[in-house]
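J.: The residues making up each chain are set out below.
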Amino acid sequence: MSEQNGTILRARGLVKRYGSVTAMDGADFDLYPGEVLAVVGDNGAGKSTLIKTLSGAVLPDAGEVWLDGKRVRFHGPLDARKAGIETVYQDLALAPAQDIATNLFLGRERRNPGISGFLFRKLDSKRMRAEAQRVFDELGIGITSIQQRVETLSGGQRQGVAVARAAAFGTKVVIMDEPTAALGVAESAKVLELIGRIRDRGLPVVLISHNMPHVFEIADRIHVHRLGRRVAVAAPAEHSMNQVVGLLTGALVMGEDGAITEAQHAVTAGLDQ
Amino acid sequence: MTTNTADNSKKYTRAQLGEYILRTPAVGPALALLAAILIFSLTTDTFLELDNLSLVVAQSLVIGTIALGQTLIILTAGIDLSCASIAVLATLVMADLAVGGMPGWVALLLGIALTSAIAALNGALITAIRLPPFIVTLGMFTIVTAVARIYSDGQSIPTTDGVLRWLSTQRYLFGGIPVTNGMTIALIMVLGLAYALAKTAWGKHVYAVGNDPEAARLSGISVRRTLLSVYIVAGVIYGIAAWQALGRVPNADPNAYQIGNLDAITAVVLGGTSLFGGRGSVLGTMIGALIVATLRSGLTQAGIDDLYQDVATGTLVIAAVALDRLSRRKQ
Ligand SMILES: Nc1ncnc2c1ncn2[C@@H]1O[C@H](COP(=O)(O)OP(=O)(O)OP(=O)(O)O)[C@@H](O)[C@H]1O
Ligand SMILES: [Mg+2]
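Residue numbers (the UniProt record's numbering), protein chains in the order written: chain A, 1 to 273; chain B, 1 to 331.
The shape of chain A in the complex, shown without the other chains (with noise of 0.2 Å):
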């Protein structure tokens, strides 16, 4: 990997209470270009936080982000998506009710040229639908019909409607949280397919997972996140599924030079927080 190019995306210190609770507690984040970096970490230890923080649908209480470089501060979704940062929710952020080219163009839908859509604002929904097709068919996602509503497919479809939004919008960076969770085997797999054409076709992919096999199979660095901040980077190529278990679940800690070791106080130091 390009370490030495420099991050894509970057973030340093970043906090973020909800009344008592400290969902972010300092964290720190970073994702270097052509990657496919997997976060992981406990239930409630604040990975989808941190990725709504980098996708502006959370706003951090402190802490700073770089894309590219240069210092971004999001205020909503749409200026993270405007900047080229394209996210796949948790729970997709879809409009069941409506069809699938509507979903793929949501808020961001394109107008007929000239005066219809100028002056009557009507959508150029035939381009819309032939776009989404094409998308479609590049990533191999299988649907029926793009104007098939969203809540009228399967788990793994509806997955796909998601990745494919990002996919096809994404010009900086592809965030996706937990993809596969409510996902089969089969449909998992074309899911990790999918992140993997992403990234072919030169794109960065935050991964975030539960699954093990699955982060070890795609990812080329592992992120561990624990009581909301990053307590240590690991790589498939060198570190084994039970080391980053470990890690995640505060039994190791990884030192500064990288080496890790058993944690000294391994219950105490959960208990602390």
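I should point out that these hints are in silico values taken from the structure, not numbers from a laboratory. Careful, some of the hints might be misleading.
Pairs of lysine-lysine residues, derived as DSS-like cross-links and limited to a Cα-Cα distance of at most 25 Å, are as follows [to be verified]: (1) 82/A to 172/A; (2) 126/A to 82/A; (3) 172/A to 70/A; (4) 199/B to 126/A; (5) 199/B to 82/A; (6) 122/A to 199/B; (7) 122/A to 82/A; (8) 70/A to 82/A.
Computed beta-carbon distance windows for the label pairs [as the list claims (entries may be wrong)]: (9) 200/A to 327/B: 41 to 47 Å; (10) 124/B to 245/A: 48 to 54 Å; (11) 131/B to 119/A: 34 to 40 Å.
For every residue, glycine included, the Cβ atom is placed at its ideal position computed from N, Cα and C.
The hints should help you fit chain B with the ligands onto chain A, whose structure is shown.
T.: What follows is chain B with the ligands alone, placed relative to chain A:
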């Protein structure tokens, strides 16, 4: 996930038909309307007369127009309990201003500005302070109703102004059926709103916000701005409904349309729009309003008392909501 289209083709067309009916929620209500018309033409001699059909349409105009605004709000999973009260207040203000010597069209525009402002206030309270639409509009209903009585001293205000009465003063024959300007305007409104909902980004956003506001927000839609725009457009529509009301009766009456707020919801629900938001159409609402007027007219001609007509309408409303719920559970 790739499907072999060959052996699916037959199933596909049937599924498509089902899809079409689900995507076009006005089909069910349209069938219900046709059934009602059929029954009343067979059981009474007078129902199918052209003059009577014209009267049925005319009788559905005011509530039907209000219900168009109500539809937009219900599509966003909101509700407006103050819609008809706002329109009634506007009839009083328009008539009063005209009596005071103001040109009719100025009074009309001021009336529409008034309804838009009140509806915008509803929208602002709902979006800015995140109050539930039910509570905000219930409060507004109480306030506006009282203000209307205070403003008019409880008396009706007659109007003879040409502009304010214009929606019903001329009648044209269209295929033998008497048509008024009010009917034409209502049709233009239905078509215009149907276009805006189906063919513009604004319409897509209205449905998306009603469907799942968080998903809409994450998709980059400004939920607040969409909601506020819906309440303002509804306000404009209430103003036009007030104009329709002045066309129907040459009197602005503070006691008119007392249960109009609920009648409008009835029309929306009978038209197949879901109270849970995100599904429905203005075409359905137009049909819903016609169903109510048809029932009233047909049952009257069959000699059935007003109160039993209420029982019939109420039963239909519950049946329509139950159908909506059940059809959703299957998915
Ligand atoms: N909107 C919110 N309001 C209140 N608390 C929140 C909110 N969002 C997250 N939290 C809290 O912040 C903490 C981190 O949540 P987050 O969803 O980021 O965890 P996660 O690592 O994604 O968990 P999971 O693996 O279960 O998805 C949790 O304790 C959660 O309850
Ligand atoms: Mg999460």
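J.: All hints are to be evaluated individually against the structure, with a verdict given for each.
T.: Status of each hint after checking the structure:
no.: 1; hint: 82/A to 172/A; result: holds, 10 Å
no.: 2; hint: 126/A to 82/A; result: holds, 24 Å
no.: 3; hint: 172/A to 70/A; result: holds, 13 Å
no.: 4; hint: 199/B to 126/A; result: holds, 11 Å
no.: 5; hint: 199/B to 82/A; result: holds, 24 Å
no.: 6; hint: 122/A to 199/B; result: holds, 6 Å
no.: 7; hint: 122/A to 82/A; result: holds, 22 Å
no.: 8; hint: 70/A to 82/A; result: holds, 15 Å
no.: 9; hint: 200/A to 327/B: 41 to 47 Å; result: holds, 43 Å
no.: 10; hint: 124/B to 245/A: 48 to 54 Å; result: holds, 51 Å
no.: 11; hint: 131/B to 119/A: 34 to 40 Å; result: holds, 36 Å
In summary, the structure agrees with every hint in the numbered list given earlier.
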